[in-house]
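S.K.: The listed protein sequences derive, respectively, from chains U and X.
Count along the first sequence starting at 1, add 5, and that's the number in our numbering.
Count along the second sequence starting at 1, add 7, and that's the number in our numbering.
By construction, these hints were calculated from the structure, which means they are not laboratory data.
Just so you know, these numbers come straight off a predicted model, no measurement behind them.
Just to be clear, a hint being listed does not mean it is correct.
[What the hints assert, rightly or not] Okay, the calculated beta carbon distance ranges per label pair:
id: 1; chain 1: X; residue 1: 12; chain 2: U; residue 2: 61; range: 25 to 31 Å
id: 2; chain 1: X; residue 1: 64; chain 2: U; residue 2: 13; range: 24 to 30 Å
id: 3; chain 1: X; residue 1: 100; chain 2: U; residue 2: 67; range: 19 to 25 Å
id: 4; chain 1: U; residue 1: 22; chain 2: X; residue 2: 62; range: 34 to 40 Å
id: 5; chain 1: X; residue 1: 20; chain 2: U; residue 2: 25; range: 22 to 28 Å
id: 6; chain 1: U; residue 1: 44; chain 2: X; residue 2: 74; range: 32 to 38 Å
id: 7; chain 1: U; residue 1: 57; chain 2: X; residue 2: 27; range: 41 to 47 Å
id: 8; chain 1: U; residue 1: 59; chain 2: X; residue 2: 57; range: 23 to 29 Å
id: 9; chain 1: X; residue 1: 15; chain 2: U; residue 2: 91; range: 44 to 50 Å
Using N, Cα and C, we set each Cβ at its ideal position, and we do this for glycine too.
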Amino acid sequence: NAGVTQTPKFQVLKTGQSMTLQCAQDMNHEYMSWYRQDPGMGLRLIHYSVGAGITDQGEVPNGYNVSRSTTEDFPLRLLSAAPSQTSVYFCASSRGSRGSGNIQYFGAGTRLSVL
Amino acid sequence: GQQLNQSPQSMFIQEGEDVSMNCTSSSIFNTWLWYKQDPGEGPVLLIALYKAGELTSNGRLTAQFGITRKDSFLNISASIPSDVGIYFCAGQLRTGTASKLTFGTGTRLQVTL
């Protein structure tokens, strides 16, 4: 069972470079989200999607773009990387709706360093 | 933004001891979740709570959804070395969607033999 798959696991960028963090889930979940995790700050929501073609901003969206063309994939794009975007990025998905559908399943993370 | 206060920030206990940690919020949640994160991995769900006052167990873990809907606690009984990791609480606001969880800052647990 693959669950939520994130690639790459590690990435080093120079300031100003662009890149896309990939996220795919094979559970047919409607909801997908991107979080960043920084020391002492827990996980903060960047962007989320409630279904294909629908995205919205989370708590810290600046500097990131997302799109959701399929149910399975939810890529996160950094258009011009900055050192402040050095972090660990997690993708998550959930079935949606109420009750147990709220449970989010996380990928293993992408560790990004911007020099 | 929404704040979730999680305490303690870290714990250093001996194997066999019981552990207790909690989260408090300034807002009401309709769902509380507790996750554990091992080094180099993503968070893994431990327990989910859906009703005020609900008490749920998962093996040696017990969590409760506070009656005010603004807090939750997690207890681990008879800790073992593999309990080491970071524990996160997460809450969903009433007006939020399933994707909008707010996370606490985590409790780092270290267990000695």
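S.K.: Are the hints correct? Go through all of them and say.
M.R.: Consistency of the hints with the structure:
Between residue 12 (chain X) and residue 61 (chain U) the C-beta distance comes to about 26 Å, which sits within the given range of 25 to 31 Å. Distance hint check for residue 64 (chain X) and residue 13 (chain U): the Cβ-Cβ separation is about 38 Å, which falls outside the suggested range of 24 to 30 Å. As the Cβ distance of residue 100 (chain X) to residue 67 (chain U) is approximately 22 Å, the hint placing it in 19 to 25 Å holds. The hinted range of 34 to 40 Å is not satisfied by residue 22 (chain U) and residue 62 (chain X), whose Cβ atoms lie roughly 50 Å apart.
For the hinted restraint 22 to 28 Å between residue 20 (chain X) and residue 25 (chain U), the CB-CB distance of approximately 42 Å leaves it violated. At about 33 Å, the CB distance of residue 44 (chain U) to residue 74 (chain X) agrees with the hint of 32 to 38 Å. The hint said 41 to 47 Å for the Cβ distance between residue 57 (chain U) and residue 27 (chain X), and at roughly 42 Å that hint holds. Taking the beta carbon of each, residue 59 (chain U) and residue 57 (chain X) are about 25 Å apart, inside 23 to 29 Å as hinted.
Taken as a hint, the range 44 to 50 Å is violated for the pair residue 15 (chain X) and residue 91 (chain U), whose Cβ atoms sit roughly 27 Å apart.
The structure is inconsistent with the numbered hints 2, 4, 5, 9, although it conforms to all the rest.
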